[in-house]
Amino acid sequence: MSESISSSPRAEAVRATLAAVRGEFTGTPDRAALARIAALLEALAQRPELFPRDTFPPPAESEGVGASTRYRLNPEDGDADIALYLNSINPGKTTVPHNHDTWAVIVAIEGNEVNRLYRRTDDGRDPARAQLVLDHEFTVRPGQSIQFLAQDIHSIHVGGTRPTLHFHLYGRPLETLTGRVGFDLATGAVTNYNATQMKPSQVVA
22 MSESISSSPR AEAVRATLAA VRGEFTGTPD RAALARIAAL LEALAQRPEL
72 FPRDTFPPPA ESEGVGASTR YRLNPEDGDA DIALYLNSIN PGKTTVPHNH
122 DTWAVIVAIE GNEVNRLYRR TDDGRDPARA QLVLDHEFTV RPGQSIQFLA
172 QDIHSIHVGG TRPTLHFHLY GRPLETLTGR VGFDLATGAV TNYNATQMKP
222 SQVVA
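In this note's numbering, the protein residues as written are 22 to 226.
Among the hints, a few may not be true.
[Claimed, not checked] Okay, the calculated beta carbon distance ranges per label pair:
hint, residue 1, residue 2, range
1, GLY180, THR208, 36 to 42 angstroms
2, ARG68, GLY48, 42 to 48 angstroms
3, VAL211, ARG183, 16 to 22 angstroms
4, ARG150, ALA34, 17 to 23 angstroms
5, THR142, ARG43, 22 to 28 angstroms
6, ASP144, PRO73, 44 to 50 angstroms
7, GLY181, ASP156, 20 to 26 angstroms
8, PRO148, ASP98, 15 to 21 angstroms
9, PRO96, VAL211, 28 to 34 angstroms
10, HIS157, ASP102, 38 to 44 angstroms
11, ASP75, ASP143, 44 to 50 angstroms
12, GLU70, LEU206, 39 to 45 angstroms
13, THR217, GLU131, 43 to 49 angstroms
14, GLY87, ARG141, 33 to 39 angstroms
To be clear, the hints were calculated from the coordinates, so they are not data collected in a lab.
All values reported here derive from a predicted model rather than from experimental measurement.
Where is the CB? At the ideal position from N, CA and C, for every residue including glycine.
When you get a sec, could you build the whole thing from the sequences and use the hints?
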């Protein structure tokens, strides 16, 4: 018999964590609030028994190098609230630089993910073109989280030999974001990231 949403220890832990997250800010969180939110998620990541690989498996090898699976952990909150996902990514994954169009906090249960952080050097007046320069790199790993404001730009690069298992918390569900854009470093072209890069989430309560 499957666990019900109301009685599952995992669902209860997720609800308690998200309630604490909501208590950390009003309106839009600043970087200090995002750091406090990351600490709350890092505490949840210290309970890996709630997020076993048989419930949250990585993509099958047949899906190819760098395949990813994203699980929505709070589907009962719908589209009008913060959204917590658990991502599993196979080694070899890379993305184009992109923003999120909302704040984001990334925390690792297991596995490493290199994030490259970029700065825009153009004036932003042309919505179809942008110029970026690499600012720095940061590796998300257990105990080392990263946070983003809505217009921060990053790309991800997963190496090694093991899939990741990382929390991704967003101010709004990814599926609802309309201003999320990707950047082509070679040409400067700006594209709709969700339309060109994102596949649907799975739901696991």
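Hints, one by one, checked against the model:
For GLY180 paired with THR208, a C-beta distance near 26 angstroms fails the hint of 36 to 42 angstroms. Remark: the range hint 42 to 48 angstroms for ARG68 to GLY48 is contradicted by a beta-carbon distance near 30 angstroms. For the pair VAL211 and ARG183, the supplied restraint of 16 to 22 angstroms is violated, since their beta-carbon distance comes to about 33 angstroms. The given range of 17 to 23 angstroms is broken by ARG150 and ALA34, whose C-beta atoms sit roughly 44 angstroms from each other.
The hint said 22 to 28 angstroms for the Cβ distance between THR142 and ARG43, and at roughly 36 angstroms that hint is violated. The supplied range of 44 to 50 angstroms is met by ASP144 and PRO73, whose beta-carbon atoms lie about 49 angstroms from each other. For GLY181 and ASP156, the hinted distance range of 20 to 26 angstroms is satisfied, since their beta carbons lie about 24 angstroms from each other. Roughly 31 angstroms separates the CB atoms of PRO148 and ASP98, a value that falls outside the hinted 15 to 21 angstroms.
Taking 28 to 34 angstroms as the suggested C-beta distance range, the pair PRO96 and VAL211 conforms, at roughly 31 angstroms. The hinted window of 38 to 44 angstroms between HIS157 and ASP102 is violated, with their beta carbons roughly 32 angstroms apart. Between ASP75 and ASP143 the beta carbon distance is about 47 angstroms. The supplied range of 44 to 50 angstroms therefore holds. About 41 angstroms separates the C-beta atoms of GLU70 and LEU206, a value consistent with the hinted range of 39 to 45 angstroms.
For THR217 and GLU131, the Cβ-Cβ distance of about 29 angstroms falls outside the hinted range of 43 to 49 angstroms, so the restraint is violated. Taking 33 to 39 angstroms as the suggested C-beta distance range, the pair GLY87 and ARG141 does not conform, at roughly 26 angstroms.
Of the numbered hints listed earlier, those contradicted by the structure are 1, 2, 3, 4, 5, 8, 10, 13 and 14.
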